[in-house]
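Trainee: Sequences listed follow chains C and B, in order.
The first sequence finishes on residue 123 if you use my numbering, and the numbering steps up by one all the way, no holes.
The second sequence finishes on residue 1493 if you use my numbering, and the numbering steps up by one all the way, no holes.
Among the hints, erroneous ones may be present.
Unchecked claim - Keeping only pairs whose Cα atoms sit at most 25 Å apart, straight-line, the calculated PhoX-like set for lysine-lysine is: (1) Lys-88/C / Lys-1250/B; (2) Lys-1451/B / Lys-1468/B; (3) Lys-1484/B / Lys-1468/B; (4) Lys-78/C / Lys-1250/B; (5) Lys-1443/B / Lys-76/C; (6) Lys-1428/B / Lys-1443/B; (7) Lys-1484/B / Lys-1451/B; (8) Lys-76/C / Lys-1108/B; (9) Lys-76/C / Lys-6/C; (10) Lys-28/C / Lys-6/C; (11) Lys-28/C / Lys-90/C; (12) Lys-76/C / Lys-88/C; (13) Lys-1250/B / Lys-1071/B; (14) Lys-90/C / Lys-1443/B; (15) Lys-1346/B / Lys-1451/B.
Bear in mind the hints are in silico, worked out from the structure with no lab data behind them.
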Amino acid sequence: MKELICIVCPRGCHLKVDENDDYKVTGHRCARGVLYGYQEMTAPTRVVTSTVVLENAGEERCPVRTSQAVPKAKMFEVIDIVRKLKISAPVSLGQVLVPDIAGSGADLIATRSFSGTGN
Amino acid sequence: MKTQQYDLVVIGGGPAGMAAAVSAYDQGVRSIVILERDKQLGGILNQCIHNGFGLHHFKEELSGPEYAERYIKDVRARDIEVRLESMVLDLNSERIIQLVSPSHGFELIEAKAVILAMGSRERARGGIGTPGTRPAGVLTAGAAQRYVNLEGQRVGENIVILGSGDIGLIMARRLSLEGCKVHACVEIMSEPGGLARNIVQCLQDFDIPLLLSHTVTRIEGKKRIEAVHIAKVDMQMRPIPGTERRVACDTLLLSVGLIPENELSRAAGVELDNRTKGPQVFENLQTSVPGVFACGNVLHIHDLVDHVSDESARAGRAAAAYLSKQTDTAGGDLIALEAGRGLRYTVPQRLHLRPDLEKLDIFFRVTHTAEEQKIIVESGGKQIALFRRVHVAPGEMEKITLPAKVLAEIQPGAKLSLRLEAAL
Chain C
5 MKELICIVCP
15 RGCHLKVDEN
25 DDYKVTGHRC
35 ARGVLYGYQE
45 MTAPTRVVTS
55 TVVLENAGEE
65 RCPVRTSQAV
75 PKAKMFEVID
85 IVRKLKISAP
95 VSLGQVLVPD
105 IAGSGADLIA
115 TRSFSGTGN
Chain B
1070 MKTQQYDLVV
1080 IGGGPAGMAA
1090 AVSAYDQGVR
1100 SIVILERDKQ
1110 LGGILNQCIH
1120 NGFGLHHFKE
1130 ELSGPEYAER
1140 YIKDVRARDI
1150 EVRLESMVLD
1160 LNSERIIQLV
1170 SPSHGFELIE
1180 AKAVILAMGS
1190 RERARGGIGT
1200 PGTRPAGVLT
1210 AGAAQRYVNL
1220 EGQRVGENIV
1230 ILGSGDIGLI
1240 MARRLSLEGC
1250 KVHACVEIMS
1260 EPGGLARNIV
1270 QCLQDFDIPL
1280 LLSHTVTRIE
1290 GKKRIEAVHI
1300 AKVDMQMRPI
1310 PGTERRVACD
1320 TLLLSVGLIP
1330 ENELSRAAGV
1340 ELDNRTKGPQ
1350 VFENLQTSVP
1360 GVFACGNVLH
1370 IHDLVDHVSD
1380 ESARAGRAAA
1390 AYLSKQTDTA
1400 GGDLIALEAG
1410 RGLRYTVPQR
1420 LHLRPDLEKL
1430 DIFFRVTHTA
1440 EEQKIIVESG
1450 GKQIALFRRV
1460 HVAPGEMEKI
1470 TLPAKVLAEI
1480 QPGAKLSLRL
1490 EAAL
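For reference, chain B alone in the conformation it holds in the complex (with noise of 0.2 Å):
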């Protein structure tokens, strides 16, 4: 069989791949290919047909089909080659990629730079371990917005939703506009996952209750089904035994959190995150196997489309100047950063620190909502920069920019830490 040779292969057609695929184009890469596994690209983005996407990046409230249409459009503007329906089965250190699709049967593909752009699954059922039989109704809200949203279909009359992540409060909205009667959202945390203004305008416009620090402790129903029990949880989120009650429904949503989707990344040997479940990445978004690069919700969960927009077009940049030089981007002093107090991870892990980079942007999130922080960056135990914030949530993605200046501050050899404190 003959190898295909392509400078720069793009495994996923959704958000991340098709602003990667852009940017490298735009900085001269003749020789791109995006490999997407479904019928058309645009991902998720096609079953969001809710509003609130594009406006950081367009300053449009966009929907999420009309988010996906202008990058599509920019993608078909340009040279690059597109296979549907292309499912990639392995990926090694070598960067060679075995395809399989319906029109091509099976194929070789060796690439000299990779962006990984696959995205990210809902943690399902078995993620979370809910007790009880295991009936029909019990499923995904991103899998019932697809049935919803897509196929036209109905996935039940009364319906449950286990977790307040975004998906399940706009799934919640969409089913009660549909005539479903939305029974409760369940969140097993004292807080919603999903963002205020989902609670607001998904939850409380259609008088759903939202009952936090509750959990469904059982799922009752042979074929399908047929009431869920709800308790309360203690402040170790074990169920309070007495609070049970049971609802009955014909449907439970889970929004349990999303995962980004690595297999390929293991099986190339990319070193991974235990925190953000995605690859370990330098500044420039390239994974720790040379000409291998990540962005989108397969390096970290994003809240915003807009924010894998802007992050997937600087790996597409990255991608195409390891390719310009054929060599590693990489060299400086190797630092490592550190997540320190308040913060649950940061994105890059790592960096070069490179006499021209001129600016590095480093992304986390925090591990606790709290109103009036600052977040230190310190290196080799000396505060370089301060950043102030009103508000923080777990929920919302947080951003720092470090200028030249600051960069210039930073020790060999040491770590750079961030943390998050109080301002007084």
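This is chain C alone, in the form it adopts within the complex (with noise of 0.2 Å):
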């Protein structure tokens, strides 16, 4: 049996996961407790944002995020990959930077816009 605290919205609920009974959950509030406790134990997934170097904007980092979860297993990687990305603008919300970021199936994106106007 073991003990996770639901991330799925601030209420964060004390589940318990049955690792030998199929990973039964129980002590969630909502079905969506249900399923982060299988995912959780199964294959964890996580949201990844950071920043990379921006050039042209005047401003010096443009901040983004994978499109989805990724397998928390490759978080790191992603983040490799991120460090070593220079882009420049203009830059669009939602723009794709990477597209299957370190094979995750998701994208890297921007999560602001620069119009390029800058220095």
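Hints are included, so try docking the two chains, each in its own frame, into the full complex.
Mentor: Here is the structure:
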């Protein structure tokens, strides 16, 4: 039996997941908790957010994130690619910067627009 | 000098100011200016690059800049004037504003209505009185967030975080992903200050120890911080002798709370609430100074920007109503709200019980974590409403809504009191 705190919403339910009973979840208060408990035990995922070097915008960094949650084990692999990335304005919100980043199935997208009028 | 005239001046261009200006415009106000001291709109959202914003408001999980950009578009799509790099120096009770900016120098603005949306500031080292030397490398979590996320700087390599507020937790994850070593998150209280989900995804994911009932007793280092001394505390939060240990580090981040920024409110003679550190407001978010409204973190500290947007839209509508009548929207019996047992405060703090009041939203925080609770609303010793909660915690703002039929039961002249009780 594994104890988890559900991170789906701010309530933070204390879940118990039984790995010997097909990951049966108890302690949840909604259906999303059951799904989270199962996923967290079998294939945990996280959305990764960071910044990349930005040129020609008058700002130093462009914020980025993965378009969906990626396997937790791939978080640092994603970050290594992000760290080496350099982009130039103009950039639009939602623009795909790296498709299928680290083979995760998620794209790396910009989360802010920059017009490119900066120095 | 010519005094410029506006119907509505919004002080602050963060999430609160933008939502307030947009809603006032949509209610018909056409002479609006937002005064923002930064170079851009968006406020603190610009540096909050993590996701988790907008779940309530947009039914999507957005990062801070994405959330801000939606509102910036809303502002730009309307004929709302925005003045950037414009710092308000003074506001008086006649709603005359002193403004300074690099492009226009010193200016005077007279407003028929003002919305205060200045947000909050972080409590710093001086606010918690940590002993020791005063080296470089001791900074607030939000300052570190700005250096890392906006300026692309590295704040240090070996980090200790004092306080378990959400910004500190978010920075623990951010710095870990950037390759720094976060040695511990130290919290003086027996339970964490931030959301449970952040304890999991920001600390546990990166194996960062959370030391509850512990504090930093000494900061060591001459030019740059070299170590902190961490000790366990007793029930009175006094360090327990013999439990102290030294942890070498080059950076100490403080995440020990936010304080509403009310210097201008004070200058205008707005009455403040010493529990929230924000203005005392009526049900329409008007302060004690007629025509001056408040919303967002300047009013009380919120956990979620979604709630800031909703509250600020209400302030915008109230300011528009005030402007259309050109009179105080108040009227009716004055009723004081009382935060009884189990509650730290309520917003609003008082209301004008008008016959046309359709509903009343009351926001509050509880004093302690508890399961299976009921919130009892009383007027003149009689219970008029009851709300149930499975779980309450000081870190999570609560809201109840009293419908018209409950408002009709409020006794004129009596206090409206709220308290928390175990639901058996």
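Trainee: Going back to the hint list, which numbers does this structure go against?
Mentor: Failing hints, ascending: 5, 8, 11, 13, 14, 15.
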